[in-house]
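Student: Chain by chain, the residues run as shown.
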Amino acid sequence: MRGDLLKSYRFREERQAEWQKLDLILTKAENGGVKNLSDEQMLALPRLYRQAVSSLSVARSISLDQNVITYLESLCTRAYFFVYGARTTLGERMMQFLRRDWPEAIATSLWTTLLSAFFFFGGWALAFFLCLQDMDWYWTFHGQNFMEGRNPDATVEYLRSTIYTDNSGDGELSAFASFLFNNNAQLALFAFALGFAFGIPTAWLLVYNGVMIGSMYAVFWDKGLGYEFTGWLMIHGVTELYAIVLAGAAGFIIGGAVAFPGGRTRLASARAAGQKAATIAMGCVIMLIIAAILEGFGRQLINSDVLRYSIAGGTLAFWLAYFHLPRKDDPL
Amino acid sequence: MTPPPARPGISMEAAVQRRARMAEEMRNAKTMRRMVTPEGAAIQLKLGSASERAGAFMIDVAIQWAIVIATLLGLSFVSRVLNMGSSNIAFAFWLVFFFFVRNFYYIIFEIGQRAATPGKRILGLRVAARDGGRLTANSVLARNFIREIEVGLPFQFAMMGATDAMGGWLVLFGLVWSCVFLLFPVFNRDKMRVGDLIAGTWVIKTPKVRLMEDITSATSRPETGPPIVFTQQQAEAYGIHELHVLEDVLRQSTPAIKAQVAARIRAKIGWENVEGETDLAFLEAYYAALRRRLEQRMLLGERKADKYDTR
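Chains L and Z are the protein sequences, given in the same order.
With the numbering used here applied, the first sequence corresponds to residues 1 to 332, in that order.
With the numbering used here applied, the second sequence corresponds to residues 333 to 643, in that order.
Source of the hints: derived by calculation from the structure; they are not laboratory data.
Predicted model only: the values in this text are computed from it and were never measured.
Heads up, the beta-carbon is just placed ideally off N, CA and C, and yes, glycines get one too.
A portion of the hints provided could be inaccurate.
Pairwise CB distance ranges (calculated) [claimed, not checked]:
id: 1; chain 1: Z; residue 1: PHE436; chain 2: L; residue 2: MET95; range: 17 to 23 Å
id: 2; chain 1: Z; residue 1: VAL433; chain 2: L; residue 2: TYR309; range: 25 to 31 Å
id: 3; chain 1: L; residue 1: ARG264; chain 2: Z; residue 2: GLU345; range: 28 to 34 Å
id: 4; chain 1: L; residue 1: LEU90; chain 2: Z; residue 2: GLN349; range: 49 to 55 Å
id: 5; chain 1: Z; residue 1: PRO539; chain 2: L; residue 2: PHE318; range: 33 to 39 Å
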């Protein structure tokens, strides 16, 4: 009774073995990655995928079997995402990020970096000079937070003791460092994410943090500890503050793209900027990890000012060279 | 305005039902997106609904908390057993670990082959690039770093309300402002989070469907007894919608429902029971006849949408 069968049924019967073969390959790939597939299966995949896609468009016009159509629909979607999905492994991806994506994203956003630095150091300078003129400003900025006694009422000896450590209880200090890392990294991601609101909260966040550090700086400067405090701060601060400035820059990139999309639609513009800004924000997290290591161990173990300054200078030179030195275009 | 002239043969109740069904179909169509593959074939994608995504997020948060708490307990146990003196190093490690679980849990899963966190996988969702291209790692980073303001900010403002350090009004304003981000997916057509918008992604459904037996294959089996033959008029009593309902009935409902449906169809087409005919055999035969007729008409370019569609 073969002649009596429905056309759509015959259509399906002739092809379903191939569909199921594709289904099997996809299930295998989804469960264990590409490594699980044999060479034969890898070679068959594109052919099976094209067959399934053409089966789907034919089935839509000749078949009313709901199950066949939804099956093909889901099969083709899965196959499409696999065939056109990301091929790189996580390791390759990381290398590409470190070698090319990250420095490139930062090198091409020099102006936003400068803008972000302007807000941060502007806040810093503002608080610094206000506090030098009148120490009461310090209380305005910090309210009732005593910052472990690092305030204008502290003695020079006490302040000096906060800068240099005798090597005891470093376990406590590494806990403190990781707490600071958490705070800073979360702050950096915030500065990036808030860029979406036209960058205004990002600017506020940068100025606010500049003010916090600038006013603290003034306390030490006022007591004649400016040189020592700079060493204490900058051994890890170069990396940390650079990361915060860059996170702000990432926020401004998004804010700028949303506010001034130019010739593109606002959505397309935000999308293009978002990719670049996210790369920078990811980099900031890496920089903050390095800063936390420097802070937790370097700062507590190294008590010589000269050594502190040379580490600070060294890290600054390293970051600038890494981000901004022109490099050969290596084809990847 | 005068009401449109009633079509013969449609009762008021049936017309209301039909309109409701069409409204439902329209709502469904709003969450469907067409994507054209490089081969030129169109694939229909269904967007994940806001509630499904919220559900997936809750599952993920629960998993994250489970990981974090389990690690905390494990670490405290280990440090007690080894008697490390100060548990500070363990705590420092845990804090950093907490940060990574909080921010990189989503990223690591979404960069992978399935582009979905466990929560999304359970609910049959995945992340995809809006333009149909490759989902890049940068997109995944962008959409997940933004989560910090979407969820973290309203949460922080809500917590702040308790301490009242900033003044009630300011906190309230902040809460309302940050809820704009939180509720963003509900108010746009593509159900995008702010993160999706920045990253150029959306979240779609990828249900796994099993290929089942064709119902018409049953009628060609020899053991079903004498073939049941319908006249053309009988085979044209229904449309595509009813065919699909019948398919669902045949595939998944109980014998009692099948008997009811069979009775209604028999009444509608004026069918006289043949000797020894079962409900199942009748329904399968009618399904085959109806599908054959409708598919023939479809080849000629006429889609009979439902039983009221008389052309």
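Student: Output the indices of the hints that this structure fails to meet, ascending.
Tutor: 2, 3, 5
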